[in-house]
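Peer 1: Sequence:
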Amino acid sequence: MSARDREIPGADHPRFAALRRLVTGQVAAVVVTATMFSGAAAQPVVAAVPLHTNVIDVHGLRTPPTTSDCLTLFGIHCYQPAQFVKAYDLAPLHNHGIDGRGRTIAIVDAFGSPTIANDLHVFDTTFGLPDPPSLKIIAPAGAVPPFDPTNSDMVGWAEETTLDVEWSHVFAPGANILLVETPVSETEGVTGFPEIVAAENYVINHNMADVISQSFGATENTFPSRASLLNLRSAFFNAFVHGVTVLGASGDLGATDYELNLSDIYPFRVNSWPSSDPLVTSVGGTQLTLNDAGDRLAPDVVWNDGYGAGGGGLSQVFSRPGFQADVRRVVDGARGTPDISMSAAVDGAVVFYFSFWPGHVGYHLVGGTSEATPEFAGVVAMADQMAHHRLGLLNYSLYGLLHQRNSGIVDVTMGNNTFGPFTNSDGNTYTVVGFNAGRGYDLASGVGTIDAAWFVPALADH
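For what it's worth, our numbering labels the leading residue of the sequence shown as 1, then goes sequentially.
Among the hints, erroneous ones may be present.
To be verified - Now the in silico label distances, taken between C-beta atoms and shown as ranges:
no.: 1; residue 1: 224; residue 2: 143; range: 21 to 29 angstroms
no.: 2; residue 1: 405; residue 2: 61; range: 42 to 50 angstroms
no.: 3; residue 1: 97; residue 2: 297; range: 29 to 37 angstroms
no.: 4; residue 1: 322; residue 2: 143; range: 40 to 48 angstroms
no.: 5; residue 1: 152; residue 2: 440; range: 37 to 45 angstroms
no.: 6; residue 1: 131; residue 2: 227; range: 39 to 47 angstroms
no.: 7; residue 1: 405; residue 2: 143; range: 48 to 56 angstroms
no.: 8; residue 1: 225; residue 2: 462; range: 36 to 44 angstroms
no.: 9; residue 1: 322; residue 2: 206; range: 25 to 33 angstroms
no.: 10; residue 1: 152; residue 2: 243; range: 35 to 43 angstroms
no.: 11; residue 1: 296; residue 2: 194; range: 37 to 45 angstroms
no.: 12; residue 1: 231; residue 2: 439; range: 37 to 45 angstroms
no.: 13; residue 1: 389; residue 2: 95; range: 21 to 29 angstroms
For the record, the hints were derived by calculation from the structure and aren't laboratory data.
Fair warning: this is a prediction, and the values are worked out from it, not measured in the lab.
C-beta atoms are modelled at their ideal positions from N, C-alpha and C, and glycine is treated no differently.
Based on the provided sequences and hints, a complete structural model is requested.
Peer 2: This is the structure:
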């Protein structure tokens, strides 16, 4: 019996009729949304790549830089945890014990990091954060090969792991963290995804997590077939039935992304999976402009800073789900992404710490929707705590809160996710015109971003 046979509910399951209505979709063709990323192998592959950009490719900084330091040294903004605690209005929650306690965030990454426990502790000590109640590491899909610091793919995933763990913890410092490592990185076709699916099903079946954060993506139209993509969805069906929230990064190349060779970029609009899946909450990217104290100097805008741009657009695999019925004028008949957005800009990078890479130990800067996704995972853990139960698939609630007063949703009305100009191997230069932010839902920022002190109780009560 396959994992799908074991874990997909039968037609008589009380929640299955609604599930069928939610996910039924048609395919017109296929498309993408991946990202600028650090260290993924540049081979002609369909790859789930970590969606982050490591800004400082140096030996590492011995002390964490301030925003003023970064502007002077690198010409970009950078932020430490306390600035986001203020900017996202987390303190009123944390000060009243709403910090994710009693809930578990699952971080899923290939290979993981051999030094994550030490690195999180150093990060916490530096920034005055408590260690999490529990940091547990599992590899249910098979033993992870020994870490090789000369393997750029492993280094890239170790960076991703560190970002995910450290910044989900910033937002929900009281939550348990479950790092779910998988033994295979994508090399071609759907290689690596079966291990991810198996690992996530294990977590769900063993009641190990309340929210699953996925900071990776692969181009829809680089899958060998529609069926090859749809056959990888069993963990999302399983999560829906068990009330587990699943998040996915929307990508870092705006309305386009990498072609099959992971070097060229599609010269037209594309989207990526799992972000495009209706059973996943797609997390896009914004750019914050803060001072050293964490005060906003300007409203948040769609991330598009010359280093990358927040992914967003229309799926060519999934049709418009029920939760997007009220935004049909924007998405027409397709599933639109993102659903919501958090900080992801490179000019607005976050500080993180790692020691797994000899000669590069220290503090680095990182951006991407890989950052936004674990941040939002921390928000979900707090909402679960406040609701006293798992919130499961969030998308109906997110769109339901869109026009509710005091919902904590903050509209992002400026910016776009146009990407370019870029030059492909054919020698031609392209710009892919993306989508503009505007009032209400849009394909650049989703429903917008959040003020956590209002959003968390609103989401918990919805």
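Peer 1: Please go over all the hints and tell whether each is borne out by the structure.
Peer 2: Structure-based check of all given hints:
The hint said 21 to 29 angstroms for the Cβ distance between residue 224 and residue 143, and at roughly 27 angstroms that hint holds. Checking the proposed 42 to 50 angstroms range against residue 405 and residue 61 shows it holds: the Cβ atoms sit about 44 angstroms from each other. At about 31 angstroms, the beta-carbon gap between residue 97 and residue 297 stays in the expected band of 29 to 37 angstroms. Judged by the Cβ atoms, the range 40 to 48 angstroms given for residue 322 and residue 143 holds: they are separated by roughly 41 angstroms.
The hinted range of 37 to 45 angstroms is satisfied by residue 152 and residue 440, whose Cβ atoms lie roughly 42 angstroms apart. The beta-carbon spacing between residue 131 and residue 227, approximately 44 angstroms, falls within the hinted interval of 39 to 47 angstroms. Between residue 405 and residue 143 the beta carbon distance is about 52 angstroms. The supplied range of 48 to 56 angstroms therefore holds. For the hinted restraint 36 to 44 angstroms between residue 225 and residue 462, the CB-CB distance of approximately 37 angstroms keeps it satisfied.
Under the hint 25 to 33 angstroms, the C-beta atoms of residue 322 and residue 206, about 30 angstroms apart, fit the expected range. In this structure the supplied range 35 to 43 angstroms holds for residue 152 paired with residue 243, their Cβ-Cβ distance being about 38 angstroms. In this structure the hint that residue 296 and residue 194 lie 37 to 45 angstroms apart at CB holds, the actual value being about 43 angstroms. For residue 231 and residue 439, the hinted distance range of 37 to 45 angstroms is satisfied, since their beta carbons lie about 39 angstroms from each other.
Separated by about 23 angstroms at the C-beta atoms, residue 389 and residue 95 satisfy the suggested range of 21 to 29 angstroms.
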